[in-house]
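So you can see what is in the structure, the chains are spelled out below.
Number of protein chains: 2
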Amino acid sequence: MSEYDTISAEVDHEEEIPEDHPRYQDLLTRHRIENGVEKGITHLQGMHAEGRGSAFDYLLGEETIPSADEAERAAAAHLLLADHPVLSINGNVAALVPGEMVELADAVDADLEINLFNRTPERMQAIADHLRDHGATAVKGLEADARIPNLDHKRAKVDADGIYEADVVVVPLEDGDRAEALEEMGKTEIVIDLNPLSRSPQVAEVPVVDNIIRAVPNITEHARDLADAETDELQSVVEQFDREEALEAAEKRIRDGL
Amino acid sequence: MSEYDTISAEVDHEEEIPEDHPRYQDLLTRHRIENGVEKGITHLQGMHAEGRGSAFDYLLGEETIPSADEAERAAAAHLLLADHPVLSINGNVAALVPGEMVELADAVDADLEINLFNRTPERMQAIADHLRDHGATAVKGLEADARIPNLDHKRAKVDADGIYEADVVVVPLEDGDRAEALEEMGKTEIVIDLNPLSRSPQVAEVPVVDNIIRAVPNITEHARDLADAETDELQSVVEQFDREEALEAAEKRIRDGL
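Those sequence lines, one after another, are chains Z and S. Here numbering that gives the first Met the number 0 is used: position 90 in the first sequence is 89, and no number is missing along the way. Here numbering that gives the first Met the number 0 is used: position 87 in the second sequence is 86, and no number is missing along the way.
Since the hints were derived computationally from the structure, they do not count as laboratory data. Each hint should be verified, as a subset may be incorrect.
[To be verified] Here are the simulated SDA-like cross-link-like pairs (lysine to any residue), alpha carbons at most 25 angstroms apart as the crow flies:
(1) Z:Lys38 <-> S:Gly39
(2) Z:Lys153 <-> S:His30
(3) Z:Lys251 <-> S:Lys38
(4) S:Lys156 <-> S:Gln201
(5) S:Lys38 <-> S:Gly134
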């Protein structure tokens with residue numbers, strides 16, 4: 000944790016972070032999360048979770064490893080094949096990749112739905128405004144007129160015409176209980192998480208072990224690349240992806256990379 | 000990072016965290032850091048640094064490994080042998096182990112000195128008050144009438160009769176630049192840090208790769224155990240400790256433990 004403090008906390012705008020800094024991505028991530036906390040978008044605990052993620056990213060080598068790229072391509076194919084894909088947004092996701100999530104939603108024609116662990120009307124509104132500032136035209140999650148079964152009341156709130164009826168959901172940085180409950184609903188779940196041993200990637204059909212700031216733009220890129228693909232080509236991308244292999248490759252990289 | 004969110008953020012007092020919870024130490028740590036941020040003791044970045052540390056602790060198995068226990072015994076011996084030992088306190092240390100640092104200072108007759116990366120008069124005062132609430136009678140660092148050489152002005156501030164003239168310093172969760180500058184001043188440095196590859200433990204005479212909430216009470220325990228030891232016994236504890244071996248053992252545990 001010590002190397003951390005050597006980075007100035009006094010950058011006001013992310014443009015001030017030099018792009019050639021060896022820890023550019025990490026600085027950018029911390030800056031966006033800190034801004035998120037200050038704006039009331041991100042819960043204070045999100046800062047802690049992000050720090051935890053950054054340690055795993057450090058061990059991964061802070062790059063998209065080949066198995067993660069394959070997972071991202073499979074994610075894109077799933078989203079393009081879906082009848083009703085939904086991208087779930089929590090406080091960290093909103094702080095880190097608001098514009099990137101809007102772009103992905105556009106590329107695969109998905110809904111954006113806010114879904115918070117620590118849900119308050121103020122945070123819901125702040126995040127909806129933040130997403131709209133980044134180009135979102137429709138934001139779900141505020142109705143909360145349905146419930147995920149087998150999950151305690153507060154965390155179970157979803158929109159009936161959003162996550163509740165979605166067939167494919169992208170749940171980045173999701174907690175294990177909720178990831179499991181969504182999986183039990185029979186949804187195809189794409190989880191983005193830097194710890195391959197977490198419960199969320201373990202239960203996901205597509206575990207993406209990568210930093211969300213790299214993963215989301217890369218899924219979008221694959222989606223654009225596959226935009227004109229036939230259904231059977233998309234299905235073959237989906238089938239070629241091996242989730243166990245991807246989880247093992249990430250774990251191996253974390254071990255050996257150190 | 001996902002497992003993280005499954006823990007309620009709504010615990011008001013640490014007594015509410017069940018001691019038999021499998022992640023008790025982690026919950027306690029997060030709770031104290033969050034409280035620290037809310038009280039103005041801990042910088043928001045401290046929450047991130049702590050999250051990063053917690054990932055390494057998870058990989059270590061969340062326990063004091065044998066090489067860390069040896070480092071903690073060597074730290075106790077160094078402190079007992081010192082002419083003028085000083086324990087350095089930053090925002091995370093103050094939030095996590097205020098009472099434990101006061102106890103260690105008592106056990107080895109050391110000074111407590113506040114030394115912040117993001118120094119403001121308000122934070123200095125809040126931390127001094129917090130330490131006094133936890134039993135400290137004297138707190139250094141507010142004078143700031145000396146400078147650590149070869150370090151930029153703001154981070155270099157120390158007390159002339161504190162860290163500046165200390166022979167042995169305990170610097171937990173310290174940034175690499177400052178750890179290096181203190182080492183260059185010829186001080187015997189005891190660093191507590193969960194990442195064995197960080198620059199701070201790499202430059203320290205005694206790198207303690209352990210969670211501070213376990214490390215500090217254990218150093219105190221060793222100090223009490225060694226309180227009546229002769230100088231040559233203390234020196235032999237110091238000499239038996241092998242810093243390279245300790246760093247390697249920690250790295251190996253992080254790798255294999257996963």
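Verification of the supplied hints:
1. Under the criterion of a C-alpha separation no larger than 25 angstroms, the hint pairing Lys38 of chain Z with Gly39 of chain S is consistent with the structure, at around 17 angstroms.
2. The hinted pair formed by Lys153 of chain Z and His30 of chain S meets the criterion: a straight-line CA distance of about 21 angstroms does not exceed 25 angstroms.
3. Of the supplied pair hints, the one linking Lys251 of chain Z and Lys38 of chain S is violated, its CA atoms being roughly 41 angstroms apart against a limit of 25 angstroms.
4. Distance restraint check for Lys156 of chain S and Gln201 of chain S: the Cα-Cα separation of roughly 23 angstroms lies within the 25 angstroms cut-off, and the hinted pair is therefore satisfied.
5. This hinted pair checks out: Lys38 of chain S and Gly134 of chain S have alpha carbons roughly 18 angstroms apart, not beyond 25 angstroms.
The structure is inconsistent with hint 3 alone, although it conforms to all the rest.
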